[in-house]
Amino acid sequence: MNEVNEQMAIEHGLKKDEYKKICDLLKRTPNITELGIFSAMWNEHCSYKSSRRHLKKLHTKGDQVIQGPGENAGVVDIEDDDAIVFKIESHNHPSFIEPYQGAATGVGGIMRDVFTMGARPIANLNSIHFGSIDNEKTRNLLRGVVKGIGGYGNCIGVPTIAGQTCFDESYNGNILVNAMTLGLVNKNKIFYSKAAGVDKPVIYVGSKTGRDGIHGASMASAIFDDKIEEKKPTVQVGDPFTEKLLLEACLELMAGKSIISIQDMGAAGLTSSSIEMASKGDLGIEIDLTKVPCREENMTPYEIMLSESQERMLIVLEAGKEDEAKKIFDKWNLDFAVIGKTTNSKNIELFFENKKVAEIPIDFLAENAPMYDRKWIKAKLPKENNFSKDDFKSLKLSDCLNKILTDPNIADKEWIWNQYDHTVMGDTIQKPGGNAGVVRVHGTNKAVAASVDSSATYCHAHPLTGGKQVVCESWRNMISVGAKPIAITNCLNFGNPEKEKNMGEFVECVEGITEASKYLNYPVVSGNVSFYNETKDKGIKPTPSIGGIGLLSDYKQMVTMELKNDGNYLLIIGKTEGHLDQSIFAKNILSNHNGPPPEINLFNEKQNGMSILNLKNKNLIETCHDVSLGGILTAISKMSIKGNKGVKIFPIEGLINKFEYFFGEDQGRYIIEIKPEYLENVEKILKKNSIHFDKFGIVESDKITYGNDLKISIGDIKESYKKWLNEYMIN
Amino acid sequence: MKSSVIIFPGSNCDRDMDVALKKFGFENQMVWHNDAEIPKSDLIVLPGGFSYGDYLRCGSIAGKSRIIKSVVNFANSGGLVLGICNGFQILTETGLLPGILQQNKYLNFICKNVFVKIKNKENKYFKNIKKEVLELHIAHNEGNYFCSNDELKSIEDNGQIAVTYCDDKGNDDEPNNPNGAIKNIAGIFNKDKNILGMMPHPERMIDPFLSGEDGSLFFENLIGNV
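First to last, the sequence lines map onto chains A and B.
Residues are numbered in the numbering used here as their position in the first sequence, beginning at 1, plus a constant of 761.
Residues are numbered in the numbering used here as their position in the second sequence, beginning at 1, plus a constant of 92.
Among the hints, a few may not be true.
Unchecked claim - If you want a taste of the chain B side facing chain A, the calculated C-beta under 10 Å gives, among others:
#  : residue
1  : Asn104
2  : Cys105
3  : Asp108
4  : Asn120
5  : Met122
6  : Trp124
7  : Ala128
8  : Gly140
9  : Phe142
10 : Tyr144
11 : Tyr147
12 : Cys203
13 : His232
14 : Met297
What the hints assert, rightly or not - Pairwise CB distance ranges, derived in the manner of DEER restraints:
#  : chain 1 : residue 1 : chain 2 : residue 2 : range
15 : A       : Ala1098   : B       : Lys115    : 50 to 58 Å
16 : A       : Glu1085   : B       : Lys114    : 26 to 34 Å
17 : A       : Lys1154   : B       : Lys275    : 53 to 61 Å
18 : A       : Gly831    : B       : Tyr198    : 29 to 37 Å
19 : A       : Asn1487   : B       : Lys275    : 19 to 27 Å
20 : B       : Lys114    : A       : Lys1117   : 53 to 61 Å
For the record, the hints were derived by calculation from the structure and aren't laboratory data.
Glycine included, every Cβ here is placed at the ideal spot set by N, Cα and C.
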């Protein structure tokens, strides 16, 4: 066996003092298999060593929360014994190296996290971030990632109902692929990863183990350099067909009563799954690696323990239920092997060809894993810009609008979501391209809404405000489809935590997320952290992605964003101050990238959102869309394009400059469409609740008009909005 | 009326089809691919999905599966067999329908609403549907129908073209062809018109809250004619 030394530990991504700690804990030098196990469990990806102390602050409690962070996924109650299991996870590093497989296995991994808990996946979502559109790699990465997400999700037969795509040069060397899955489960039949009982058989099911993905989790905990191509073999290869079989087989087994605990083999494969089960159950575990089904010859214990081959699960069964379980996996043509048992030693003990090849106390790997209190610096709120009249003098509203609608971060993304099966399972009632995707809870009147949001520009300008903003944006998306916001999952994508600035961005974004989610009663129930999104010293902008879900108790009450009927009134809910700093307008039209992000007022946020739900419950709203990037005129354009209806905009009241009014990105705002006969009543309700609103315009014709300043046909803006991505991908 | 939906490993529209058939009055049962016999049925459906992972070629392994012999016997004795999407691919692989389904012309998976023109109503699948153009939904990567010139002549002569991609007015020309299929073909019959294979999914269009309702017309008509 290879002699282990400090240099080898460093090559495994461990720090010198971490290696010393291992030797001290074991009171000896680890062997190579043990070193591999330590490096897998102690890396950032698995141990959360830089983030753990901050994540504890997250707001994770709520009446509807059944399971918060710490399990394979979060679980929330949606009444009548139904529960939604959901989580978002990153697969950034592999996707940059090999976009198709990286993205595909990202989708596969998150679906396994959800069905491991006994839930049938009912919807997939994703948030993907790419470098500048002028970067030579962007087009191929985008194409590969979209194909990978589609290739996996489409094959499994789970609809991809919503997502988000951003372009920014800070992702040139590190793209982000965050995948989210929602599953439906009976709340009395949820499965957990905590093992219980001694001498219970440990079962391996699914695909065979190969040499793919060895050190995947360590790679995800390292920065990239020039030798990135050499990392290709660390990317796992996905097989959605096997996953579909595994899904059906697991759900079939779960219908019975033989499972004590179950855990998918995700990052760090057999190592982390076996250790987590034993650690949560305060048990030991014994595994005979000779019994692990392998697809390649002469695999060593080290390779078997660190392989990240996909589509595998580890199950602790009730003793005596092995035959019954095996029958199900035989039916689905999947490998099934009893590879070990639970013990009371509180150690992980590995055997190979009748020899003990590793023995480590489990708490060394779990509780005793390093935890760091990294240094961080607080970000200052940037100074506001003072735009003068001259800045707007030569601008025309229609030119500005057309330019904004072709901004890659605004333009239509149909090219992407047409490649995702978004209608399979027959319950998708709101497709991608709206405020949120909505799927019915099969066979009931209920529906679940879901969206993913991020706003790296705001988080970069001021992390604390940005963190709050993303949560609010997610909340607004739920409100806009008429759903009561329930809970969120977060995927925290950041740069190198060993740098004080990056660590500060993380700490303050988490603080912002916590503040907003607490105030809005929109708890975080699951998530993951992806650090080291950095290439050659260049880190990404801080990018927390928030996946939100909401509940519609009657799906027929769902609200959509396309304009409905001529003669209806449009109101803007929430006050428009005209905040242009960090806006799409400032970047595209004024070429200004400075200043603070728009302020978040959580009181107004909540009031405005709740009043919209209140109006919806009284059936007074025809249409709703939140105002986000690009401001009011961008939002109204999207509503017009979708509904193929024009708008006559009334004169703006007050002294505000029209560019600030139309393109400002003030928060907490919505546009709603009201039938004329309900207008008086709606105004009365809003005034009574002290909600600020502007009477904005009236739905009519096929043009958007504003006095003599703007007259633009829906056809023209549609062309601008729809063409960009198609043209970009063809070139 | 009794129907059977065959489940292959990798099928993923089996439940959707079951829901649709039951909604319109079929007594439906699910049949496992490894069974030898199909229970007594008036209609057999091969659902969409990725049977056997669609490895080798879409539908090819399913075309050799244990249950397929019973499907072929049932079809050859005049029974109604409907293949949707992957089911259509399987029917061409078994030789029950002529031609093949290649990868889409622009090499991308396509999921969207399309219009199809009904080309032949002298059969149980479309007989009493009043509309000429239906709005249906496609979701496939390999829907680009192709056959030899001789086969094409033969299926045209025998009225075997069931539906073609078109616009809302029924123009089934090249600009309305989503995947490159020859003659815009979206679905075809066998000579006797008891077997129908088509790429669009009527089972996803059975409710005003879904992508549309023209799938309802298809199933209402079908149960009326079985």
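Index of numbered hints that the structure contradicts, given in increasing order: Numbers 4, 5, 7, 15 and 18, in rising order.
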